[in-house]
Each structure stands twice: as structure tokens, then as C-alpha cells.
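One line per chain: the protein sequences are A and B, in this order.
First residue of the first sequence: -6, per our numbering; consecutive thereafter.
First residue of the second sequence: -4, per our numbering; consecutive thereafter.
It should be emphasised that the hints constitute simulated quantities derived from the structure, not laboratory data.
Being a predicted model, the structure only gives us computed values, none of them experimental.
Ideal placement from N, C-alpha and C gives every residue a C-beta, glycine not left out.
Mixed in with the good hints there might be a few duds.
[Said to hold, decoys possible] Distance ranges between label pairs, derived from CB positions:
(1) A:V(-2) to B:P230: 33 to 41 Å
(2) A:T17 to B:G113: 44 to 52 Å
(3) A:T17 to B:N311: 46 to 54 Å
(4) A:T17 to B:K247: 28 to 36 Å
(5) B:L171 to A:F29: 38 to 46 Å
(6) B:R254 to A:F7: 31 to 39 Å
(7) B:V298 to A:F7: 37 to 45 Å
(8) B:M274 to A:F29: 17 to 25 Å
(9) B:P70 to A:L2: 19 to 27 Å
(10) B:R238 to A:V(-2): 27 to 35 Å
[Claimed, not checked] So these bits of chain A aren't anywhere near chain B, every CB distance computed over 10 Å:
(11) E0
(12) G1
(13) L18
(14) S27
(15) E36
(16) L57
(17) L58
(18) A59
(19) V60
(20) A64
(21) H66
(22) N68
(23) R69
(24) S70
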Amino acid sequence: MENLVSEGLSLMGFGMGFVFVFLTLLVFATSLMSKFVTKFLPEPVVLPKVKPATPVSGHNNDELLAVLSAAVHHNRSK
Amino acid sequence: MEKVLELWHASGLYNITGGQVTMILVCLVLLYLAINKKFEPLLLVPIGFGGILANIPEAGLAFSAVENAVHFAKPEVLQSLASTLGTASTEPYEVLTAYNESNASAHHAASLVAADAGYSNGMMYNFYSVVIGSMIGPLLIFMGVGAMTDFGPLLANPKTLFLGAAAQFGIFATVLGAVGLSAMGIMDFSIQDAAAIGIIGGADGPTAIYVASMLAPQLLGAIAVAAYSYMALVPLIQPPIMRLLTTEAERKISMHQLRHVSKTEKIFFPIILLILVAMLLPDAAPLLGMFCFGNLMRECGVVDRLSDTAQNALINIVTIFLGLSVGSKLSADKFLDLNTLGILLLGIVAFGIGTAAGVLMAKLMNKMQGGNSINPLIGSAGVSAVPMAARVSNKLGLEANPQNFLLMHAMGPNVAGVIGSAVAAGVMIKFVG
């Protein structure tokens, strides 16, 4: 019976110890990987491509308005 | 008249035992909880119904061919079984004990004898051996869970992995509790049984079933029922413990927004996790391997059809069979004893301790980082129970501060808990399996 308890204690010590060691290593590995990826394999930057699109649409506002009102007019006159 | 009497003697009403009546009532309670109270209905409906099927008298649905042969106890069949198994006695009970203790080849030979005598495995027994006996069921569920898991919040803040580690303390404290109860002579658990009971504290159904089927198959029914019912009770069990261990000011801490995580990082993560498992703990490779595979299918973006199947159709199919198979372990002779009560009791203790350890770890990390960056409420999400535990953290955070949305922050420790309990399972299998 004493044996069983000591077995339980050692399982607890080893188990918790191992879980912590494993997850600590995982923390290091993922942080390293994230650093590596952001440095060497950055995502194809999408944002700048979107931004210029807004001023362009602002530029064509008059044209757009004309097209829209024509469409509405066309629709109403049906 | 003789025919009528024969029919009566073969009826369920004539043959039913008190234990079977009790177990059918227990299963009806499970069905009630699932249908009316919405306790993990996806699993408890199949488990409850499977349990009723397993307890139908005379049908022997949950028994192997040999057990069925012994049950009907024809003298000539018992005689040949006893000689195959190498026992002198032809008492049904003795033959059954010899069968359960025999090695694989004698086991197989006895099955063949029973088959020759015209007995076959019950339906539920076959479900069990295909789905759980072969380990396929829990592993496929793990693959589906992997395909459903977004590691973004974890990658944005990898330190939350420590919370997932701390919450596994519940598992090991419960192992100690179980061996303590045996040492005091109150219960009778071996170290393997204790390990399988402890894993309930991981709050992860498939992991619990996987470990129990490896270390203590005779306790599987009770362990699975305890694991799934307590997972449903997470919103009731956790909040009092969380309130007790945190101050109002700590609960109000709001955390700053998580950084954006790129697609490439998400693709690399399951591969890194798999390499670490392969290098350090091959015993956790089946569970975490399937988990990583599912996650890679999700994140790589080129096999959406497979990922979709893994997280929807396949996981649903496996859930049906897994539930029925667990139900097959709810037959009266395997479920009704004092140990089941002990398992239910230890299971809830495991949940409580895991929650407390997670919260305390979060408090410690918060203190170490200046005291105003980590809300300790997210620590409790370190017991897996995805996503229920994270929702509980979020709810308590909102109670303290209506602008405080902790859900995404709590998802980090939550999925870390899944990894943590799978690692803990690997350690248990390594040391006592």
C-alpha cells in the first residue's frame, strides 16, 4: 500500500514536470518560429494594395454617381 | 402450454435482474439530462441509449461470444471451453474468470469454441471492439478536433501554454487522491486505474476514453460518463472557484488585443508540435499526431474538402459509434459497484483542482508581468473543455467589467489545455501502461 502511494507521488512529480518541460519547449519553439516567419516569410502585403483603391474610387466619384443615377432612373422608368 | 411457458422463460420480463433494472433507470436519467437539460447531448444521447441496449436481458448485446456461451451454460459447451482455457472446473463463473485472465491465444481459441457452438459477439460488443478496442474512435475524434481548432490566439500569445500546463495539475492530484483512497482501504484502485481516473481532470472526452481503454478498460464506462457529464457542468463547477481565487480588481483587468497571426505561422505550428512530440514523447504520438494532422488539413488551405469532412461528417459518424460503444460498458455487472461512485467523486475533485491550478498560475504570471496585463480568469480555461471553459472565463470577465471581452484570450489556454492533457496522457501511458 505504501508502495502504491509512492508510485502515485512519483507519477505526479514526473508527470507535472514533463508537462511543464514539454510546454516550455513548445513556447520557445513557437516563439522562434513566429520570429522566423515574420522576418523571412512575411505574408504578401495586402493592405497597401487596398489603400490606393480608395482614392481611385474617390476620383471617379462623379462618374460613379452619374452611372448610379442613370441606373436608378432606368429602373424607375420601367 | 409448454410452448407458452418456454416463451415466458425466454422473455425479458422473466430474466431481468435487479442490476439491469437499475442500470436502465440510470441510462434513462442520462437521457433525461441530455434531452431536457442539454448536458452534452451529442454524446449522452448515444451513451444513454447504448446503455439501455447493453442491459436488455438475454440479448447479450454487450457480451462477447464466450460470455454469451457461458451465460446460457450448456454443459457440453462449458466443458469444451474449460478444456480450451485449461481449467478443471466447469462452473460458469470460474470459466469466465479463466477467460478474462487468459492470454491472447487462449482468448482467441475460446472465441472459436464459442463460435463453433453457435454463439456470436453481441452487436454492442462488436461496436466497442471496432471503435474503442482498436482506438480508432478517440483518435478520429482527435483529428476532427484538430481540424476545428484555431491556434491563432495561442500563437499570438504563446505564454498561455503555461496555463494549459498548470491546469493539468488536476489530473495528477486526482491520481494521488485515487491511490490514497486505495491505500486507506476505502476503494480498490491499481495505479493504472488511478491514472485513468485522473485523466477525467483533463476535461477532454476522447483523451479520457483513449487512456481508460488502454489502462483500465473495466472502468471505461464510469470514466467516460463522468468526463462528459462534468464537461457539461463546467459552467456550474468553475465560477465559484474562480471567484474565490481572484479579487474584483484582478477580474477587471482588460487585456490588450492579440496581434495578427499569419497563415504561414499557423501552417508551421502543427508540424513543430509533431516534431516535438516525436522527439520527446512518442507515447503521445497517436493522440497528438492525429490532432496535428487534422489541424494541418485545416490550415494548409489546399484540402478544404478533407478538412470539412474531418470536422463535420466524419466526427459526427464517429461520435455516434463512440457513444454507443461507451454505452456498451454500462452493463450492470461492469458498472454497478462502489468504485463507480469513487470515480464520480474523484472526477469532480479533478475538475476543481485543475481550475484552481490554472487560475493560480495566471495570477502568478500576472504578478510577474507587472500586475496589469493578464486577467487571471483566463487561467481556468486551461482545463480543456473547448470552448465551454473559455466561454465561462469570458462571462465572468464581462460580469466584472462590461467592456472586458476575454473570449479570444481564453481560447489560447483552452487549446493549450488540449495539448497539455494529451501530453499528460502520454506520460501516464509511458509510466504505468
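Hint numbers not upheld by this structure, sorted from lowest to highest: 2, 3, 9, 11, 12, 13, 14 and 15
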